[in-house]
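So the protein sequences, as listed, match chains L and X.
Take the first sequence: its letters are residues 1 to 248, numbered as in my numbering.
Take the second sequence: its letters are residues 1 to 77, numbered as in my numbering.
Worth flagging that the hints you see were computed from the coordinates, not collected in a lab.
Bear in mind the structure is a predicted one, so any value in this text is a computation, not a measurement.
Here a beta-carbon is modelled for each residue, glycine too, at the ideal position from N, C-alpha and C.
Just to be clear, a hint being listed does not mean it is correct.
[As the list claims (entries may be wrong)] Have a look at the derived ranges for each label pair, beta carbon to beta carbon:
| no. | chain 1 | residue 1 | chain 2 | residue 2 | range |
| --- | --- | --- | --- | --- | --- |
| 1 | L | Pro3 | X | Ile44 | 34 to 44 Å |
| 2 | L | Leu125 | X | Val45 | 20 to 30 Å |
| 3 | X | Val64 | L | Pro85 | 31 to 41 Å |
| 4 | X | Val45 | L | Leu44 | 48 to 58 Å |
| 5 | L | Thr194 | X | Pro40 | 47 to 57 Å |
| 6 | X | Ala59 | L | Leu153 | 14 to 24 Å |
| 7 | L | Leu41 | X | Ala59 | 37 to 47 Å |
| 8 | L | Met81 | X | Ser15 | 24 to 34 Å |
| 9 | L | Leu86 | X | Ser15 | 22 to 32 Å |
Spelled out, the chains give:
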Amino acid sequence: MDPIHQFEIKNLFPIAHIGGVEIAFTNSALFMLIALALILLLMLGATSSRAMVPGRLQALAEMSYEFISSALRSSAGSEGMKFLPLVFSLFMFILVLNVIGIIPYTFTVTSHIIITVAFALLVFLTVVVYGFAKHGLHFFKLFVPSGIPIYILPLVVFIEVMSFLSRPVSHSVRLFANMLAGHITLKVFGGFVTMLGALGFLGWLGAILPLSLTVALTALELLVAFLQAYVFAILTCIYLNDALHPGH
Amino acid sequence: MNADPSAIARGFRLSTELVAGVLLGAAIGWLLDRWLGITPWGLIVFLLLGFAAGVLNVARAAGVVPKNTVDPPASER
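Using the sequences provided together with the hints, build the complete structure.
This is the structure:
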């Protein structure tokens with residue numbers, strides 16, 4: 001009945017002890033490995049035949065590739081294509097983790113903020129490191145909009161820096177909050193069904209309402225699972241565009 | 001920057017942009033207060049800056065403000 005219980009991290013078996021801290025193999029790690037295996041199976045299965053007329057699996061893989069590559073090309077230009085492996089991996093990994101999470105009795109890895117922060121910091125640090133490596137100090141142009149009077153420039157630069165620093169926050173919180181809120185809502189409505197069902201015949205009648213809502217919410221969650229992976233990938237493209245062209 | 005394919009995603013994106021700015025400003029201000037012992041000035045200043053950054057983020061995410069160009073001069077690009 002506890003709607004938070006589904007997010008509990010369980011240690012499955014210990015791997016190592018480093019400095020008195022136990023490093024354990026958790027259910028989170030297990031589901032990440034499952035997601036990885038699913039993606040590998042999909043991609044290897046899809047590319048094994050290399051048919052001119054693609055089969056179903058190959059069509060799925062080609063569609064997801066073209067989806068991300070066209071999104072990356074349209075927001076970061078053709079120079080951005082060198083980041084395709086990063087964006088595509090992030091998209092597939094998050095998408096599969098989100099979708100696995102909808103299946104009952106599974107664990108939703110992306111509902112933990114530490115995971116999404118790790119994803120967002122990976123993107124953020126990629127942008128910063130690549131931006132400085134490619135443009136050097138010109139990367140700071142990102143914080144200095146053109147055409148600003150000199151007397152308010154320091155304030156504007158400060159706000160721009162804050163805006164830049166807040167990116168990984170919103171990037172990670174969005175994915176985490178969507179998955180967390182969606183799964184808690186599902187669990188709460190599912191809990192209503194059993195609570196009303198325990199009341200007898202009238203309760204059974206009343207339980208129809210939350211049950212149908214649970215069904216509808218599950219469909220919505222499927223949409224959200226895809227949408228959040230997509231939004232994460234698109235924002236990654238937009239942020240990478242800043243690393244490629246800071247002067248815009 | 002028409003990044004979001006649906007209204008829910010768009011709405012959620014805009015709200016998180018604002019919240020992220022304010023949260024970051026509050027966090028920086030609070031840490032500066034603790035390190036430098038200037039309570040409450042760091043929190044006041046950085047919360048306001050964070051709020052401004054959040055509003056800027058929202059305006060950019062909504063496509064109201066073009067990216068990083070307040071008044072694009074004709075000579076550049």
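Here's how the hints hold up against the structure:
| no. | hint | verdict |
| --- | --- | --- |
| 1 | L/Pro3 x X/Ile44: 34 to 44 Å | holds, 37 Å |
| 2 | L/Leu125 x X/Val45: 20 to 30 Å | holds, 27 Å |
| 3 | X/Val64 x L/Pro85: 31 to 41 Å | holds, 34 Å |
| 4 | X/Val45 x L/Leu44: 48 to 58 Å | holds, 54 Å |
| 5 | L/Thr194 x X/Pro40: 47 to 57 Å | holds, 49 Å |
| 6 | X/Ala59 x L/Leu153: 14 to 24 Å | holds, 19 Å |
| 7 | L/Leu41 x X/Ala59: 37 to 47 Å | holds, 44 Å |
| 8 | L/Met81 x X/Ser15: 24 to 34 Å | holds, 32 Å |
| 9 | L/Leu86 x X/Ser15: 22 to 32 Å | holds, 27 Å |
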